[in-house]
Amino acid sequence: MTGASADVSRNKNAACPLGVATDGRFVPVLMLTASIMMAGGMSDDMRGVIADHIEPFDPNDEQQRLYRVAEATYLMWMSPEFAVQR
Amino acid sequence: MKASKPSMIDRRNFIRRSVIAAVGSSSFSALTTQFNLAHAQVGGADDYRALVCVFLYGGNDAFNMLVPRSLGEHTTYADTRRSLAIAREDLLPLNPTNSVPADYGLHPQMPDLKNLFDDGKLSLIGNVGTLIEPTLQSDYVNQRVELPPQLFSHNDQQNFVMSLQSNRNRQGWASRIADLMIDTNTNQNLSMNITLSGSNTFQTGGVQAPYAIGAGGVNDYWSLQPGNTEEWSVRRNAAYDALLAQSQSHLFATEFARTQRWSIDLGVELRLALSAVGAPQTAFDGSSRLASMLRMVSHLIAARQQLGMKRQIFFVGIGDYDTHGDQINRHPTLMNELNHALTSFYNATVELGVSDKVTTFTASDFGRTLTSNGDGTDHGWGSHQMVMGDGVDGGKIFGTMPELAIGSNDDIGEGRIIPTTSVDQYAATLAGWYGLTPSQIAETFPTLAKFNTADLGFMRFD
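Quick mapping for you: the protein sequence lines, in order, are chains A and B.
To convert, count from 1 in the first sequence and add 108; that's my numbering.
To convert, count from 1 in the second sequence and add 1025; that's my numbering.
Any given hint could be a false lead.
[Said to hold, decoys possible] FRET-style restraints, in silico, Cβ to Cβ:
1. B:Gln1306 with A:Thr181: 23 to 29 Å
2. A:Gly149 with B:Pro1174: 52 to 58 Å
3. B:Trp1257 with A:Asn168: 15 to 21 Å
[Claimed, not checked] Sample of chain B residues lacking proximity to chain A, with all beta carbon distances greater than 12 Å (derived):
4. Thr1100
5. Ala1264
6. Ala1278
7. Ala1282
8. Ile1437
9. Ser1464
Note that these hints are calculated values from the structure, not bench results.
Each residue gets a CB set at the ideal place from its N, CA and C atoms; glycine is no exception.
Next comes chain A alone, as it looks inside the complex (with noise of 0.2 Å):
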């Protein structure tokens, strides 16, 4: 997780494709709640603040991926940027 951050640190100026964290993991949630719920409209930045967040969570284990959608979806509604949106 702390790689991670580096890495979104770093790349944080650079074009990612929805579902694509600025460190270039692929994080289906993000694709979605990016799509549906900002039209698409998320800045690097705070998709790799959510990519870090949810990144713990196992995507193989049910429960856990229960969270990482609930955790992207909160944080997305919660956030400056959604709140411009809405």
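Given the coordinates of chain A, assemble chain B onto it according to the supplied hints.
For chain B alone, kept in the frame of chain A given last:
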């Protein structure tokens, strides 16, 4: 922790520059040196003052709260109110220390407030209402005076009572007071205005938005719980902190992040301060929402030094006063709640040693019709109000009491009574005690100049 607020500083300076130096009106010049004396006291070592507005949403039927007991006047009252009339022998007799034209009594459900009145801790102000200029019945009938917008309308009258402004870009008079005294409190993070009842016109529109708190304490984000040391909370808060710290490309997002940061930090600060001092021991009725809110006000006042507050204005709103129906059962319940909640709050201020520094006052949309609609009363105009605290010149009935006969010179129809004291006068008297200078009072209450008296005399300035 303090967020930078460049826009606030600019606006504050603007307000300072905009202060009206003097107003050459008769009522302004009639302001006594009492206001100057009160203002001169601001800044003392133990200086603290608070105003607590208890807003009775819906329009309190104060003509059944303060009722004439003299035989003739009570007969007139009973003839007008019919089934809603309170029997003369049930009224709690008041013996005001000032001269009033008749004997009066309080609602039978208010024995504790009667005791406070008898002890000189509470006074009543007769027939207060929204006015733009003094208004007689003939003025009203012949449309010779300017009237507040949309008389008898809940929202319009609530907004007018709270702002004393007719324009749409209104600012509450508590907010205007706070703008003028913003530097009094050392803690610039916490607003001088605190609401226990959410958003309200009374406290909004100025430099500082009111801080909203619940009867149970700080309104946390349930899903964040700052201060919770469980791992999930620590991690989630860290992620949210990172989101708030990001630079935003949109102005609104920047302001949203700043406000969220401010709110969360302030919540932590308040929770610590409240925890440090503990709540007053005075008993409050936990089943009463009004009592619970006032209990939290007393707790916040207990924490005033920890919070760096010397001047505070609290707003506590309570509903169900719109008694169109079943008034005979509902209104006594409301009076009973008011009796217990206000008395407990006064006792809490005594426990805290601030009963002379905290003044509680009632306000409402309007009064109600004297006539019954068969099951209750409808929207009226003038109404009686209560002020409570050791700073009050207590045990008196101030103002001019109206005639309670249908068709009297005070009546504009169905017992809608024309106010004889304006809310501006009522508010200005409170503001003078709070510490506004005469020029600040004139600025805050511009229509005050149209009335003969700016200081109704119900506050002590010694």
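Are all C-beta atoms of chain A more than 12 Å from that of Thr1100 of chain B?
Label holds. Min Cβ-Cβ 62 Å, cutoff 12 Å.
Given a hint of 52 to 58 Å, does the C-beta separation of Gly149 of chain A and Pro1174 of chain B actually sit inside it?
Given range 52 to 58 Å: violated, Cβ gap about 42 Å.
For Ile1437 of chain B, which was marked as not at the interface, is the minimum beta-carbon distance to chain A over 12 Å?
Nearest chain A Cβ is 47 Å from Ile1437 of chain B, so the label holds.
Against chain A, does Ala1264 of chain B keep a CB gap of more than 12 Å to every residue?
violated (4 Å)
Minimum Cβ-Cβ distance from Ala1282 of chain B to chain A exceeds 12 Å
violated (4 Å)
Does the hinted range 15 to 21 Å hold for Trp1257 of chain B and Asn168 of chain A at CB?
Holds - the Cβ-Cβ distance for Trp1257 of chain B and Asn168 of chain A, about 20 Å, lies within 15 to 21 Å.
Could you say whether the range 23 to 29 Å given as a hint is met by the Cβ separation of Gln1306 of chain B and Thr181 of chain A?
For Thr181 of chain A against Gln1306 of chain B, whose Cβ atoms are near 44 Å apart, the range 23 to 29 Å is violated.
Does Ala1278 of chain B clear chain A by more than 12 Å, comparing its Cβ with all Cβ atoms of that chain?
Incorrect as stated: the minimum Cβ-Cβ distance to chain A is 4 Å, not above 12 Å.
Any Cβ of chain A at or closer than 12 Å to Ser1464 of chain B, or is the non-interface label fine?
Given a closest Cβ separation of 41 Å, the condition holds.
Checked against the numbered hints above, the structure breaks hints 1, 2, 5, 6 and 7 and satisfies the rest.
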